[in-house]
Every structure is written in structure tokens, then in C-alpha cells.
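Each chain, written out:
2 protein chains.
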Amino acid sequence: MNRLGRQTIVFKNKPRVVGSYTVVGPKEGRGNFAKFFDKILEDDLFGEKSYEAAESKMLKFAITEAIKNANIDKTQIDALFAGDLMNQIISSSFAARKLEIPYFGLFGACSTMAESLIMGSCYVDGGFARYAACATGSHFSSAEKQFRYPLELGTQRPPTSQWTVTGTGCTILGNDDSAGIFVECATIGKVVDWDVTDANNMGAAMAPAAMSTLKAHFEDTGRTADDYDLILTGDLGKLGSEILMDLMEYNGYKLGSNYNDCGQMIFNNTQKTFMGGSGCGCGASILNSYVYSRMNKGMLKNVLFIATGALMSTLSSQQGNSIPAIAHAVSIKFGGK
Amino acid sequence: MNRLGRQTIVFKNKPRVVGSYTVVGPKEGRGNFAKFFDKILEDDLFGEKSYEAAESKMLKFAITEAIKNANIDKTQIDALFAGDLMNQIISSSFAARKLEIPYFGLFGACSTMAESLIMGSCYVDGGFARYAACATGSHFSSAEKQFRYPLELGTQRPPTSQWTVTGTGCTILGNDDSAGIFVECATIGKVVDWDVTDANNMGAAMAPAAMSTLKAHFEDTGRTADDYDLILTGDLGKLGSEILMDLMEYNGYKLGSNYNDCGQMIFNNTQKTFMGGSGCGCGASILNSYVYSRMNKGMLKNVLFIATGALMSTLSSQQGNSIPAIAHAVSIKFGGK
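So the protein lines, in turn, are chains A and B. Quick note on numbering: the first sequence equals residues 0 to 336 in numbering that gives the first Met the number 0. Quick note on numbering: the second sequence equals residues 0 to 336 in numbering that gives the first Met the number 0.
Worth double-checking, as some hints may not be accurate.
If chains are identical, the list can't say which one is meant, so a pair holds when it fits in one copy or spans any two.
In silico DSBU-like cross-links for lysine-lysine, where the CA-CA straight-line distance does not exceed 30 angstroms [claimed, not checked]:
| no. | residue 1 | residue 2 |
| --- | --- | --- |
| 1 | K300 | K237 |
| 2 | K237 | K67 |
| 3 | K73 | K11 |
| 4 | K237 | K271 |
| 5 | K38 | K11 |
| 6 | K97 | K332 |
| 7 | K48 | K144 |
Hints are computed from structural coordinates only; laboratory data are not their basis.
Required output: the full structure, derived from the provided sequences and hints.
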């Protein structure tokens, strides 16, 4: 069995990251990672008539360019694993329409970049695909409209809120030994619900899920935080990251300066995003640009990427339910086979 | 590589169907398959205060009972693959809350039973799990409310419409040689869009996707319809099935009396469902009851299950988009290793 403990799976054939691409919106392009993103849009409508159409176009663009970046043809991509935040993941499904690639739709909310990487790795590792594309994205305007208020209303944002990142990222996985980065193992999350009901405090809702998965990862593998150059959560934001550090310390694991969070990192302090970025596109755009770039330059060798997702809908919140959350962890390494 | 052609993957370790369970609503319990379903609810609220909560409870119940049916403990289930029709698949995610099983959320609309079986089979076949649970479901009342009109409005249904099945099904897969039924191979669908825009004619929107996948299956495997005792689509309904038969004949493949559709079969003619049943729960409840039961009795040996999904949302339809669709085919066999 390619397993360690209850929640961790090991990829014995080491699926390689053979290509990647990111597209982000203008606000993200003024943030801390501008120089790493592949494409920064001048207008977040990307030439489309709706934010939803723009989100879908961004996804399709990122997938298409990632395939080019991998220097392969799209007919060599045997599966596309993708998902997003929109109801019925229309951004992904509509993006897949003209791609002519066998398609698996996923929903893991903001954990989708990790979920797609894990499913893609299983698929490549098991010999079901030569190459697999793993993609996700989010769009500030489509997400605000769907989950919160019409943008035109100019609703005041609470101090615990995060700013949904307009961004998409795609990783191409394959069994190409010449690529240095590979997916080593992954810890699959369970759904965790600590009765947080405030949809404007996602970091607090998701931190217990991140703790659960990180703890399981350390227990299953026998590792500690010191075994990684970088432990990177997807979009807990400033408050959520602090809660995670507290929860981990309570469990006997200290997260030090090698821990960071994409939501906390992506915007700068003048951008008025309060707790930072969120959305599937937050972790996806940082992983597929900054992280892979740093790994390819040898500046990072062992990265644990933990994308976290809040699994509620507007309806579940309106009906008074708490917010279930999930986190999946992916160990990504640079080095020989 | 465990592949045949462009879209078909082969499971060399033959993941076995070691358990299954179905829960359906009262209307389904008065239909043609009453004697096969494991549990028929007297009240489709299932003791809950909302249809959404009932749908989630049905899913959790089916998963829990399928695990019992497999005669294993839930700690032996290494992954749950589940999805549903609700926005942000809340039925599945909320069902997973107390299960303590590593969870992958999927969205394939009504193709989800096939998608979950395929992902579960990859996972078991690749040695990532001892056992995997594959589940989906739908609920008439939650789906009508979300996708169409409030039930209280008593809106007249168009003649091409289908009736969303209140039903859930769960299959437990594992590498247990004593089980007779196994998943042999699968053909993964591409997203197909033939510009159908009528959300009250899902059969017509999904038939081209079923054709695309079935044709790819025959081309990849070199098989014809005669190689199966039963070719069973998920929920094309009466009109969609006829369109599929026409499309296949046009492509040189004749679907004869060994072809049927779960949507067409599930209700009887007095039940006023027009084109028949639909929803994730339609194919899921027929596959996990009638089909497995007939296979275990030796009455069916080679079944090709093709679940079809319409990948639109209310918003994508309101914005004037057509309905993209997808179909995944799973070859399920009875016999030795």
C-alpha cells in the first residue's frame, strides 16, 4: 500500500511538476508578488461581459499557457482536475468546454488547488495519465456577488474579513525525470467543524481543519515542522494563521519562521484587505508562481502546501448552520528521483 | 500505462464492490424499483427541518449503512469521494462532518456517481486506500427550490421536463477477492456543449455528451454494444435516451434492447414525471440496488454504467449561456480476478 498512517498517501513514482502558469487581477498585480505572476490583467473583466465569464476565461488561459509552459501538446494531457467557488463550478466546467481534455470537476472550496494536485498525482502515479492538469481560480467580484453583497452597494467590510483573490493557477504534472520539482506525499483532510458561524471570519472557521491535517501529517510521517523549508497554508489570513500557530503549539508542534500563509502574504498593508487574501486563487497563484520559482532556483527544497477550504454555502449559513472546513496537505520537493 | 486510447483507463487490480446501500424518497418507493431499494423514506424530510438537511442526512445514512453492508469498520475506509447538486455541495460536505473519513468533494452534476466510482477505483487500484466510499445523491425538493421555482408556487412542468429523484446511493470499493463485482475500466468524459439552452430539456443537453463518451469507449476498447449485457445511462430520460440512440446509430453503433436509462426506468407511467427521473440520485439509486443485485445473482455480467451531468448553474442560464454536459462510463463486471 502507498500509505502512511490514517490520512497520508505516498506517490512512489514521484509525479513531476513539468509546467505551471498564473493569471491574476490588477489589485494582485500591485501586491507583494507582482514580479512572480505570469500574467497580470489590466482589467479584471478580461474583455468579457461578466465577472463569471472573466473568471472562466482566466482559468482556461492559465491551463492553456501552463500546457505551453510544459512544452507539450494538449492532446498529451490525459486529465484535467479543476474546480472553483462558483455554484456548480461553472468557471471550471465552462473553461473545459473547448479544451477537449477528459475532465474531473472538483469542489473543495479554497482547498481545491491541493485537492486537484492530489488527484492529479494519484492519476499520474497510478499510470492513468501521461500528463495531468490541476487548476483552480477565484475572482473577487464574482465571489462577492455570490457569497456576500452586490458590489454596487459598497457594503462596509468587517475587520476579520478577507479579500477574495482574483487569480488562477495551473500545475501540469507528468513523469518527466528532467523536471526537478515533484509531489512526494499528501495528507488528505477530514471535514472539521468547530461551530464557527461567522462567514466574515473564514480564517477562524478553517484554522481547526488546517491544524487537524497538519497534526495528522506530522503523526503519519513522523516529521516535524523543522523538516520543511516552508509550510504554507492557502488562505487562513492573518487571524487564521495566528489561530493555527496557537492550536499547533497547544498540540506540541511549534510553527516558526518557516511557516507562512498565502492570504497573509499576497497583498501589502496599504491595500486595505484587512486579514489578507482568500479564495481558491490565493494559494493557487502563489504556489504556481513564487513557490515553484523559488524551488527551481534551489532556494526552497521541501515545501508543505496546505490549502484550506470553508465548505458552506449562502443557504447553509442562512439556515443557521456552522461552517465545516477541510484542509489537504501536499509535500512538494525539489531533487532527484 | 493503465490506459487504452485517449479517454479510457484500466484498473489492473480490479477494485471490488464490497458493499452498497440506497435510500430513496416515498415517490421513488412507489416506482418500478421499490423492491430493490434498501430504505424507502415515509417522509422526504427524514425528520429534519429542511430538505437540504434531509438530503445530507440521506447521504450520511447511505454511506454509514454501505460500510456496515461491506462488513467493515469506518476506520478502514481511507477515502470518501462524494458530491451532489447543491451549491458548494453542502449535502456531501455536511454529511462528511461526523464521519471522520478523509474526504474528496466532487462536482460532476448528475455524472457524480460515475465520477466518484472512477476516482475511488483509481485510489484503490493505485494502492492509496484499503477501502473507498463513493457516494452521491439528490433530493427533488431541494433541487426544485435551487434550480427552478419554489414548490409552493405549483409551477406547471413542461412536457420535456424530468423529475429530480430523491435518492442516494453509496458503493464501497476494496481489494477483497471474495466479492464478485469489480470495476474493470472507465472512459472519462470531455465537456460537450451543443448549444442547448433549455434548462427544462436536460436529456437533449446531455445526450451528445453520452454519445461522445460511449463512442470514445467503443473506439478505445474495440468493443461494441454487444459486449455488454446492459448499457445503462444515468438520467437522460425518455427523450434524451431516444436522442442518444439516434446519435449512436448515426455514428455506426446500434444500441438495442440491452440499452436502458435509469431516468426512463425509475418511475412508472402513472407517476406524472413526463420524461422520467433525473438527478445524481437517479443513477446512484438504481446502480447501487437493482444493478448490483442482478449482478450478484448472475443475471448480469457485463454492465456499462454511463452517468451524465448537465454542468450549468441558474446564473449561467440567466446570463444566456448554453448547457455544457459531461458523461463518464464505468465498465462493471461480475467474475473472477
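Is it within a copy, between copies, both, or neither that the alpha carbon of K73 lies no farther than 30 angstroms from that of K11? Classified as both; 25 angstroms inside a copy, 26 angstroms across copies.
Within a copy, between copies, both or neither: which one fits K97 and K332 at a CA-CA cutoff of 30 angstroms? This pair counts as neither: shortest intra-copy Cα distance 33 angstroms, inter-copy 33 angstroms.
Could you figure out if K237 and K271 sit no more than 30 angstroms apart (CA to CA) within one copy, between two copies, both or neither? within (13 angstroms within a copy, 55 angstroms between copies)
How would you label the pair K38, K11 (within, between, both, or neither) given a Cα cut-off of 30 angstroms? neither (34 angstroms within a copy, 42 angstroms between copies)
When no copy is specified for K48 and K144, does a C-alpha distance of 30 angstroms or less occur within a copy, between copies, both, or neither? both (15 angstroms within a copy, 28 angstroms between copies)
Same-copy or cross-copy closeness of K300 to K237 [CA-CA at most 30 angstroms]: within (25 angstroms within a copy, 57 angstroms between copies)
Homo-oligomer pair classification [K67, K237; C-alpha up to 30 angstroms]: neither (35 angstroms within a copy, 43 angstroms between copies)
Checked against the numbered hints above, the structure breaks hints 2, 5, 6 and satisfies the rest.
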